[in-house]
Amino acid sequence: MSILRTENLSKTFISRHGIIAAEKTEALKDINIRLEEKELIGIVGASGSGKSTLAKLLVFLYRPTGGKIYYMDEDITKYRGKDVKKYRKKIQMVFQDPYASLDPNHSVEWHIKRPLILSRYNGDLDNRIDELLDMVTLNKSYRAKFPHQLSGGQRQRVYLARTLAVSPEVLIADEPVSMLDVSVRIEILTLLQRIKEQLGISIIYITHDLNTVSMITSRLYVMHQGMVVENGDTDSIINRPSNEYTRKLIAAAPNPYKRI
Amino acid sequence: MEVNHINAGYESENGYISVLKDVSLTVNRDIILGIAGESGSGKSTLAAVLYNSFRYPGTIRSGEVIFDGKNLLKMKPNELRKLRGTEISFIPQAAMNALNPVKKIRLQFYDMMIAHNIKENDFDSKISSSLELVRLQENVLDNFPHELSGGMRQRVVIAMSLLLSPKFIILDEPTTGLDVMVEHDILLDIKKIQRTLGLTIVFISHDLPILFGISDAIVMMYGGEIVESGDYEDLLRNPAHPYTYQLLKSIPLIGTKIDSSMIMKGIAIDFNHIPHGCYFHPRCNFAVPKCSDIHPELKQTDGKTHLYRCNRYPEWSRNAKLEAIGT
Amino acid sequence: MKMEEQEVIKDNKSLLGKIINPLKILLSNGKAKAGFIMLVALILFAILGQFFSPYNPTKYEFARGMPPSYAHLLGTTIYGQDVFSQLFYGAAPTLMVGFAVGVLGTLISIAVGISAGFASERVNTVITGIINIFLIIPGVLLIMLFGSFFLGLHQSLGYLPTILILIITGWAFGARTFRSITLSIAKRDFILSSILIGESRLSIIFRQIIRAIFPVIISNFFFTAMYGTMGLTFVEYLGVGNLLQVNWGTMLYWAINNEAYLTGMWWWILPPSFMISILMFSFILLNFGMDEIGNPSLRRFKSKNKNENKKIIGDLDVNIEN
Amino acid sequence: MIIPYKYILKKTAAFVAVLYGAITLNFILPRLIPGDPAETVYSTIIREGGGSVSPRYLHQLAAEYGISNAPMYVQYYNYLVDLAHGNLGISVAFFPEPVSYILYHALPWTLLLVISSIAISFFVGNRMGRYAGIHRNSIKDLSMDMFAMFMASFPAFVLAFIVLDIFALDIKLFPIGGAYSIYVNPGFNIPFIISVIYHAVLPVLTIILTSLGGWELGMRNNIIPNINSDFISYSENLGFKKYQVNQIAYRNAILPNLTGFAMSVGLSVSGVIIEESIFSYPGVGLYMITAIDDLDYPLIQGIFLMVIIAVLVGNFIVDILYGFFDPRIRQESE
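Which chain is which? The protein sequence lines are A, B, C and D, in order.
Just so we're aligned: the first sequence equals residues 0 to 259 in numbering that gives the first Met the number 0.
Just so we're aligned: the second sequence equals residues 0 to 326 in numbering that gives the first Met the number 0.
Just so we're aligned: the third sequence equals residues 0 to 321 in numbering that gives the first Met the number 0.
Just so we're aligned: the fourth sequence equals residues 0 to 333 in numbering that gives the first Met the number 0.
Derived by calculation from the structure, the hints in this document are not laboratory data.
Note that the structure is predicted; figures quoted are calculated from it, not measured.
Check before you lean on any hint, since a few could be wrong.
PhoX-like cross-link-like pairs, simulated, lysine-lysine; straight-line CA separation at most 25 Å [stated by the list, open to error]: (1) B/LYS166 with D/LYS240; (2) A/LYS23 with A/LYS55; (3) B/LYS256 with A/LYS195; (4) B/LYS102 with D/LYS5; (5) B/LYS118 with B/LYS102.
Full structure from sequences and hints, please.
Here it is as structure tokens:
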């Protein structure tokens, strides 16, 4: 049983032009992906491929216009109100820009405490906060800090601690490292890997960067213009890409040892 | 271009904060010089100083930037203005914001040529030749910037910077925010243009893979000073500073598996609390006690053109190699 | 600078700290500081005026139209009232109307603006339409219409009708600001993140949005208070207020209606004009100063780390005009 | 030129909706005011010496207002039909002039004041703001801002009295009131035009002085972020001339200021109404004050409607122009 799977998931945006006309943009067409338990899979695509739309669909920030999303084999597409809230406790999302995803007016402690309170954590809050910070390799002294006092990598780690506080089963990471310095990326990626291994959380890693995605994922979906053009085992896709677009992506991946 | 002993920083409410410390470098003709460093290494400040576009609260304490025998920093505003866009040019980071959002591209090109007193008859030929360089169709001219994709806008910006055929160009993170394929295409174009027109380019980026891919010579910045510089091949194969070595090691690459030894520890330097001794020692894997006392000077390796600023070269390098063999 | 302030704030969690720290921020701006000092002086003047008014401001007990003298610092009116007593005693109601309109008007603007910014597209369109109608209709017309509606009721209700009229005509400016600012903040990732962890809308509004737009709220308060003061003089000038009350607006009304400017009784017309101008000026300075605090690109100093600076500012850097 | 049809359509729809709202409000409001306007008017006429009017006139008056025992929707229908025929009822204060006739004569004067004062203060204020913004944080900027704030802190009518006192009463440079001299012949001739301009100077000057500050401060705060923007620094880096750079910043900053027009037109009309009463200028404002004093409801209603329509039309024009100027707005609404 897959923990999360989609069936012909589609999303069409309708932009209104005043009262009469409306224009449709198909952002996603018949997406079928599945995520097994304790798995870390990757979704790769250039901007405009619809990968961010997919992420937002999976956490109910958008509603699909066609197809279904199954969580533990239960169709959640029709969920409303309370059910959505309940579902969101199981699935969390990491945003691209850690400068924007933390509230500048609140401390690190607040960011981790709120989800704990909201998910009615019964243990000792203080201990739990320290525990979560420890999980993302930050020490207690960071509790009182504000986002602007942290570096990009630290912010992203605080954000990860915030999502973990909800105790999700699935994590959707939308470009979690593309705004960070190259030197920090590995750190966040190992963290993702550790979250998968130690906490048993299934992760979908969404990115345009084949370098990082090939390092930590077991399976890949390659997206292009709202469709999945290739999927399968990461190693075999990297070594024997069958789709033309995938080949181009691989060729364009930056590499210091390859002259431009 | 020659840069001598630049000291620059920012005025703040808590006083002056020094960023660039005694930075000197020479840019040879007809090459791409890459300047690399993490965010907060002072590389953007350096870019602004090189172009003399460093503005308050930024202040330049001392130093000179010699371009074609003249000091850019001492030039009269009008002289400098005439130079810009014609002799020396700048391609900024965020192309989406670099174009005036409420003017058609064509008019922005016209403005550029009016600013430099180009004859009206030459307008169209100049525009079409520079668009050709960046492989854009002429119909983009009648669009507003927001109607174009990010990659196209970046190309327009490049075309505009090259419009009056300058020979010296500074690129400040020109491909940030673009996705890999577009980035790759644009870099290929830049390289091609540089080769065909014989341009001198200073390429500034935090993205090491790209930087090493495109540059002929490289300057590594850390904490507002140069820690290593030299030919790209030398730096890639035989880094003399642990910073370069650790950064290169931390680059994610297709086909490799992740491994915790790749992690670069610590965070970029905070200009308010600069460590004693070698700036890099708190993050260095090879630091010894003396590193926290002695601030190393810039030294030459045997290769002459290869400069480094480390107390422990070449010992650490040997250790690193042994380690690599051991594991 | 921002960093330091934040640290100070978290060190002082006492009530005193909560009052003093925003004040420190306010006083860090020169214009706001000047405005604040003027306002405090006026408030003191108003409080003292309630107790130490030399004569009864409403009694017609002196010789008519006397120029200033020791006994009557600012002379007397054509009805034989002491002008200085009126000015002194009338300060409190004038300030009270300004502040009441400022506070209540801002509260309404926040409620309407934020709910529009957070509501569905349709509701948003409707509320925006209503805001625009109130913005476009000239305030004087509304003051006249509502004023004449209340005309018979003034005696029993004190300043309530006046305040009500001014709130009705003055809330829309702020609502527009808050609507656009909320719209831009509600799309930010940190709000989406709160939705994802299960925060309710109200909680997001009170815990995050209000805090993010706090400088704008303060700035808007001063703006609305300014409108309230200006509006009071309008209400009185147009004769739709209660003219038996003593405040700077009614003083002007009587002075103008008795053509004090023609008869050379400058001591009757100039002092209230002057005091109103000072009050308005202090509100404008505070409003403008707060704008600069909330929108640091208007300020002279920037924080050291360029990137960081951008991000912090980003959350407040909302063009208030749109 | 690309014509932003969709944008125009959207704005037109909004215009019609707001106009309809205002017309309806104008219908509802008098019915909310305590007492029957017809009776108020009737008793006023009797009190003011019109004792000979017959009680039947009360019914006639009631009919004029559309106030009858007829159901609300019938009244509303009648009101709309009357409006469509330009019938706004009969004034009380200027009995028996129809309201439409009074407005027809007063409106041009008010429009003259409004348009000329807005145009001048918009232009001058924005230029001042541009100057302050370009020299931001200097003493030039500070003095400009202080001047603007100081002018804005005067109640409009107080300033008007000061101006009137100095220029008309003391040094007698300008007339104290009226729209033109009684010695000239109204019509399209030069003495008349000169006289009109001469009489308009003081009111226009006062309105400009009070509204200048808002434009100045708004422009300053708009242009500074523009000067700091990436495309300005890019233009500088390409060697644009100083005037080109300032022009670009100014042009981009003036666009949001145009949307502020909605507010400003409303405020200016408020200002104009007050000034007209002080300078005895025969515009709508002068009649308005009289109408309020005499509780002349038909006239109040008529003025209200007229002013709102004028303001709405003004805004509508600005909105449409804005659509041509700023391509981003077009896209947002498309």
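So, going through the hints one by one against the coordinates:
1. B/LYS166 with D/LYS240: holds (21 Å)
2. A/LYS23 with A/LYS55: holds (19 Å)
3. B/LYS256 with A/LYS195: holds (16 Å)
4. B/LYS102 with D/LYS5: Measuring from Cα to Cα gives roughly 20 Å; hence the hint holds.
5. B/LYS118 with B/LYS102: This hinted pair holds, its Cα atoms lying about 21 Å apart.
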